[in-house]
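Colleague: Residue numbers (our numbering), protein chains in the order written: chain A, 100 to 326; chain B, 4 to 47; chain C, 51 to 331.
Rather than coming from a laboratory, the hints here were simulated on the basis of the structure. Some clues are possibly wrong.
Unchecked claim - In silico DSS-like links for lysine-lysine, alpha-carbon gap of 25 Å or less:
(1) C:LYS140 - B:LYS44
(2) B:LYS44 - C:LYS139
(3) C:LYS141 - B:LYS44
As the list claims (entries may be wrong) - Now the in silico label distances, taken between C-beta atoms and shown as ranges:
(4) B:ARG38 - C:PHE137: 27 to 35 Å
(5) B:LEU16 - C:ASP307: 53 to 61 Å
(6) C:VAL177 - A:ALA146: 20 to 28 Å
(7) A:ASN125 - C:GLY206: 30 to 38 Å
(8) C:VAL177 - B:ALA15: 17 to 25 Å
What the hints assert, rightly or not - Incomplete in silico selection of chain A near chain C, CB under 10 Å:
(9) TYR251
(10) LEU254
(11) ARG259
(12) THR263
(13) LEU267
(14) LEU270
(15) PRO275
(16) GLY279
(17) ARG282
(18) TRP301
(19) ALA311
(20) PHE312
(21) GLY316
(22) PHE320
(23) PRO322
(24) LEU323
The structure presented is a predicted model; accordingly, all values stated were derived computationally and were not measured. Glycine included, every Cβ here is placed at the ideal spot set by N, Cα and C.
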Amino acid sequence: MSVWRIARLVARKDLQIEWNSRVLINQVLPFAGVTMVIFAFALDSDAVLERVAPGLVWLATMFSMLVLVQRTFAIETDDGALDALRVAGVDPRAIFAGKAMGLAVQLLVVEVVLLLAAIVLYRQTVPAGGVVLLVTTLISATCGLAAVGTLYGGLAAGFRGRETLLPLLTLPAVAPVLIGATRAVEAALGTAGAVVSDGWPWVGLLVVFAVAFGVGGSLAFGPLIDE
Amino acid sequence: MEDAGFIIGSYALTFATVALLAWRYVRSGRRLADRVPDEEKYWL
Amino acid sequence: MTTTESNLQREHTGRSTAGGTGTRGTRVIGILTLIAMVWLVAFGLGFSPADRDQDEAVRILYVHVPTIWVAYLSFITTAIASGMYLFTKKKSLGWDRLAGASAEIGTVFVAVTLIVGALWGRITWGVFWQWDARLTTTALLFVTYIGYLAVRRLEGTHQQRARRSAVIGLIAVLEIPLVHWSVRLWRSLHQEATVLDTDRNTDMDGLMLFSLFVGVVAFTLLYLWLVMHRTRGMAMEDYLDDRGLDEALVARRAEGDAFVADHATMPTAAPAATLGTEETT
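This is chain A alone, in the form it adopts within the complex:
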């Protein structure tokens, strides 16, 4: 079986489990929504919210990602499923790619919902010229986030301190994504006078990040989860 085929199977399994349990819809999305609401309580100013909306969207994405990653690996460790896959000789790169793809799909859903929330709650508008940039940003940022999340999620899975270890490892690592994705979305939405062309260099950064962690992650995943 090719690596890609296994990866797709792993991804489909994860998404199937997700669809059946509806944790994403019932818990993660409400959590993301609540985060957007309480930002407004803390920041207490329409002008400020409008200005920082892209940043808040990505902040909420980061927090939701931590929850999603914990979940995607909890389903593996609960039944020793991950170990079973490894013992069966499945290529760890395939497991990595599959779990990352499943995570990416769920993250995209969260991001779209958060964007909609920002449009409603923070009065954001999406100019027609910014749509391509926006979509490209979402996809490239999500790939990078999914790679990092899968890598560190795999490491932290099954350990007692994983709820705190995962954020500690993940958040510094995804700082470039937070910086780049926020700037790119600001450019797409025209926040604070940014223009669409400002955003493309940031997309470049996001792509480099995604490639670096995609490749690095698939190589590192095997040694990290092998026990």
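We have chain A already, so just place chains B and C on it with the hints.
Modeller: Frame of chain A, contents of chains B and C only:
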């Protein structure tokens, strides 16, 4: 030289931290060495 | 007698000289370090002149720059040692311990760098902190290696610890340039006024450069001294760890043997009767 406090403080903090780290390493080294047979001490 | 038992027995009779992790090598390095430090203080606080722009605050740089230099040196050593552990056939734990010791030292020095840097910033810029490229990256560097140290403390065997942290150590080396690049790009959007211009390099004259040089040499020697002591200490910690495990194994086996011995002498009566009277350990 009103900044003298910060300057002296910087040196003091740096050296104090270094001294503390050095002391901890040497002290734990001594304690451990009492419990470890000499064949295991590759540096001797 | 099992291997474990014979190991234990051998080690119980092994001589243990008092002393520690010091050798002639470390004593020489230690003395050189002390001498260099005295020079550093003499030049840094005394002989070197005040700066044209920064006045006396430049003196802080003579310790501040060496501490971040040691941090970089430490983390590069960690990365190299991590690579050596992962990619050599022998997988010697010595590399792992070097990586861990170096990272510990580096983390402490980044922390000192950040604090002393804040003091310097207060004098030269008027603020303790700025979100410029260098400071931001240094702060993230600190957190990244706190994460590395946390991974080292996860439960498992020493080989597992070595493998996990080696991977994390190498990934950190990939993360840091990415972070640095993105932060620089980010901050280049926010050109600060020259008063707060942090990228401007200080113009240093001969004596000032010499003081800096003394500082770097002194702290490099210090790093060597520290890493040698800590690596040796870790070797002993790992040994005692293993021995603790060996002792536990021997004890459990002894219990098992005793159980078997007890029940081998029981009469082979009707199974039902035996079952009813069987003790549970």
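Colleague: Could you work out which of the previously given hints the structure breaks and list their numbers from low to high?
Modeller: none
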